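K.L.:
Chain by chain, the residues run as shown.
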Amino acid sequence: MAACAHCLLPVRQEIAVRGSADEPGLRFCCAGCRNVHALLRREGLDGFYVRRTGWTPGPPDFGAGAIGSNGADPDAFAACVRKSGDAVEADMAISGIRCASCVWLIERYLGKRAGVRSVRVNYATHRATVRWDPAAADAGRIAGWIAELGYTPRPVEPGGTDDALRAEKRDLMVRFGTAAFLSSQVMMVTAGLYAGTFQGIEGPYRTFFNLLAVFLTTPIVFYSGFPFLKGAVAGIRNRTPGMDVLIALGSLSAYLYSVAMAVAGGDVYCDTVAMIVTLILLGRYLEAAARGRATASIAKLIGLAPGRARRLREESGAGGLAADTVPVAALRPGDAIEVVPGSRIPADGRVTAGSSEADQSMLTGESRPILKAPGSAVYAGTLNGSGRLVVAVTGTGRETALARIVQAVEEAQSRKAPIERVADAVVRRFVPSVVAVALLTFAAWIALGHPAATALLASVSVLVVACPCALGLAVPLAVHVGSASARSAGILVKGGDVLEAGATVTSVFLDKTGTLTEGRPRLTDAVGFGVTRTELLRIAASLEASSEHAFAAAVLREAPAGHRAEVADFRATPGMGVEGAIRGTRCLLGREDFLAARGVAIAPGQRAIGGAMSEAGKSVAWLARGNEVVGILASVDTLRPGAVDLVARLKENGYGVMMVTGDGKGVAARIAADAGIGRYRAHAAPADKAAAVRNARKAGARVLFVGDGVNDAPAMTEADVGVAMGRGTDVAIGSAGAVLTADDLLLVPRFLSLSRRTMRVIRQNLWWAFSYNAVAIPLAAAGRITPVVSAALMAASSLIVAGNALRLRERTPGEPGA
Amino acid sequence: MWTIALLVFISIVLAAGAWLLFLWAVKSDQYDDVEGPKHRMMDDD
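Just so you know, the sequences run in chain order A and B. Quick note on numbering: this note's numbering labels position 153 of the first sequence as 153, and the sequence is numbered without any gaps. Quick note on numbering: this note's numbering labels position 34 of the second sequence as 34, and the sequence is numbered without any gaps.
Treat the hints with care, since some could be wrong.
As the list claims (entries may be wrong) - No farther apart than 25 angstroms at their CA atoms in a straight line, the calculated lysine to any residue pairs in the SDA-like style are these: (1) A:Lys494 - A:Thr218; (2) B:Lys38 - A:Val50; (3) A:Lys83 - A:Thr218; (4) B:Lys27 - A:Arg640; (5) B:Lys38 - A:Arg51; (6) A:Lys83 - A:Arg52; (7) A:Lys665 - A:Asn653; (8) A:Lys665 - A:Asp359; (9) A:Lys169 - B:Val8; (10) A:Lys169 - B:Lys38; (11) A:Lys169 - B:Asp29; (12) B:Lys27 - A:Asn122; (13) A:Lys230 - A:Arg52; (14) B:Lys27 - A:Lys651; (15) A:Lys651 - A:Thr638; (16) B:Lys38 - A:Gly656; (17) B:Lys27 - A:Thr178; (18) A:Lys698 - A:Gly656; (19) A:Lys83 - A:Cys99.
Stated by the list, open to error - If you want a taste of the chain B side facing chain A, the calculated C-beta under 10 angstroms gives, among others: (20) Lys27; (21) Glu35; (22) His39.
No wet-lab data here; the hints were simulated from the structure. Note that the coordinates shown come from a computational prediction; the quantities given were computed from them, not determined experimentally. Glycine included, every Cβ here is placed at the ideal spot set by N, Cα and C.
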């Protein structure tokens, strides 16, 4: 095993790509890596290979060829370009960045290109800000240069969710920073007052310090605490008093009381107010930061949409056809479009000429390629196989089958009630009782014949003590640490509610194609009739070398490397088989009827062997040399590594496991048996999958659905938690609550155990915060809690819950967790 | 009394200075990428 000189992926010597003439000793995993390596040498940037550290081996991101050699289409990037002085500027999100040296490389390479004024790549967000001279370059060229290095740029449109989250995070940061600076000043002043409480202080000094503390606290309450005040007003107006109401009540009453006492010459509560606002803002900031990071990482997974189509028009005069590249949005029903081999089909339509096979698995979940001939329907977003098709457009944009599924998902999402956060649910019941206790306290003190000032102090103490400072920090901190642990393991969690829902899951539903299985066939049998297995594979590999079918890839992977025979007159019949002449003898590889059509008969004994293989859910191909059948090749979609472990581990932990698939019964039964799953459902259309989830939920189960295709999206939305594979389609990633970025199924139980642990910590913190209240509120009502004691209690309580949340940090990576 | 008032005044001015510095740092995007600079400083040119 050698390692690719560019991307360090291990690569077998025999299939490695050799370096060019001036560096023949180097080996690459693919031509793309070799080109990037040659480019870096030419540019004098090969220092990249020396300086890079922390690079995880992995192929460059060539963006599935979305950007051609002449650069990207500038229109695709037009929305992100803005004027900036005499130059223009654009933000691009770049996928494929693996280490800090990637940042160095992009900045260095782009910086040397003509017309580029400045480049800045943000390593944390993987965003590049490029400034260039519009006369010398355009956005498409810039994107093309980035793509040359093996990264994929994506336009970042201003004002998207990304920007909104960033603005929110920055706003919270300024508010928190301001509160922190002022709090430190307040604490200093308060330290003087504390000293006064214990050893006496002269009246004027005390008044001075009191007024100073109030002065410094005012912006904390009304500027830094503004989000709470706003939230409280909204909460009261909607009659859903939440955490914000408690915070506002506690901080405002303590603040107003302090103002009154500063003037009258009593004890002030300013330090408590400052601490409440500052600590809870910290919690809010951490929450926003975690959310922003997950959103940014997910945005990186979503690729460039197939925005272009090749529209055919009649060549004037000549009677032939010419193709124009047009945006998909410009297509109208009735247009004729050309779909080249290996590309995504841009619109729904009907084939008018050509034949090919289409991989529709992302739509239907069926892994077998579907034959497309004149008259058959094709669907937007599915992948064309090895043939060229001419398609009459029937639906574009929102009228495509793909868009209808996406629409169904959006509807389901809007219908689905947001998961009620545990803390919110508890707080909602808590608020009215706190207010009632405060009022009762006031009434009781008055009834016992105390002056109004004393009664007021006691009821303010109740409100301040009840302020859920520990809660405001503890729940976001637990979620923050929990999602950070998840992220370092390769699980992106979209929000705290996903972790909370994950803790209650009882059943796990798994999609088959692309989730449990690789989604591509692997050769399982090669039986020769009168020829050796090696010889059989050699002929098959020679024939299939020019084919792009998934089965061909399976044969080529399995076939021994080395000499392959020259094939003359190669022809592929989509859906049927391939043929060609090897050393003058005609060879056929394909389905039984393909051979029959060519006049080759299969003996009954041979057919029995093939029949047994078909029965076992395998796809069978026959190989004939001349007029004689020389062998059978069988392939199946195989289980992903880890699938068996996944099912075993889920069962061990008491989860119900079920498989749903769009594939037929034979394949489904075999895969389910191999994976150790007892319950499965075959022939499930996207709506059936969603219905299966809905029925399970009606029966009382809490469902987690793992999938990767558009066809899984409705079920993922319907489930309590949707988990998407990172390699899945954009729609799946968009509708999931959590995304597995590492290609490892065992992250599913990891996610479940982490959810449970996070939830446990949140519960412990809630329990602590409320038992603290249970003790402190009666004391406060009895007038036993002075400002000093309340501040100390609050600080201690916050530290305890924060420390508890930090226990969620993973100590050793790879440990499955309790 | 005046000594204390002066000291308090100085401490508030110093803190305000630090606060302005913080605002400037946030405004000029310095908190947007806290990972990159530590690598960037190793660039020799």
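K.L.:
Take the hints in turn and mark each one as holding or not.
P.N.:
So, going through the hints one by one against the coordinates:
1. A:Lys494 - A:Thr218: Given that 25 angstroms is the threshold and the Cα spacing comes to 36 angstroms, the pair is violated.
2. B:Lys38 - A:Val50: The hint holds at about 18 angstroms.
3. A:Lys83 - A:Thr218: violated, 41 angstroms
4. B:Lys27 - A:Arg640: Judged against 25 angstroms, a Cα distance of about 48 angstroms means the pair is violated.
5. B:Lys38 - A:Arg51: holds, 14 angstroms
6. A:Lys83 - A:Arg52: At roughly 34 angstroms apart (the allowed maximum being 25 angstroms), arginine 52 (chain A) and lysine 83 (chain A) break the hint.
7. A:Lys665 - A:Asn653: Given pair lysine 665 (chain A), asparagine 653 (chain A) is violated - Cα atoms ~28 angstroms apart, limit 25 angstroms.
8. A:Lys665 - A:Asp359: Distance ~19 angstroms between lysine 665 (chain A) and aspartate 359 (chain A) Cα, so the pair holds.
9. A:Lys169 - B:Val8: violated, 32 angstroms
10. A:Lys169 - B:Lys38: holds, 23 angstroms
11. A:Lys169 - B:Asp29: Given that 25 angstroms is the threshold and the Cα spacing comes to 12 angstroms, the pair holds.
12. B:Lys27 - A:Asn122: holds, 16 angstroms
13. A:Lys230 - A:Arg52: violated, 48 angstroms
14. B:Lys27 - A:Lys651: violated, 52 angstroms
15. A:Lys651 - A:Thr638: Cα-Cα ~21 angstroms, so holds.
16. B:Lys38 - A:Gly656: violated, 47 angstroms
17. B:Lys27 - A:Thr178: holds, 14 angstroms
18. A:Lys698 - A:Gly656: holds, 15 angstroms
19. A:Lys83 - A:Cys99: Roughly 31 angstroms between the alpha carbons, so the hint for lysine 83 (chain A) and cysteine 99 (chain A) is violated.
20. Lys27: holds, 9 angstroms
21. Glu35: This hint holds: glutamate 35 (chain B) lies near chain A, its Cβ roughly 5 angstroms from the closest one there, short of 10 angstroms.
22. His39: holds, 3 angstroms
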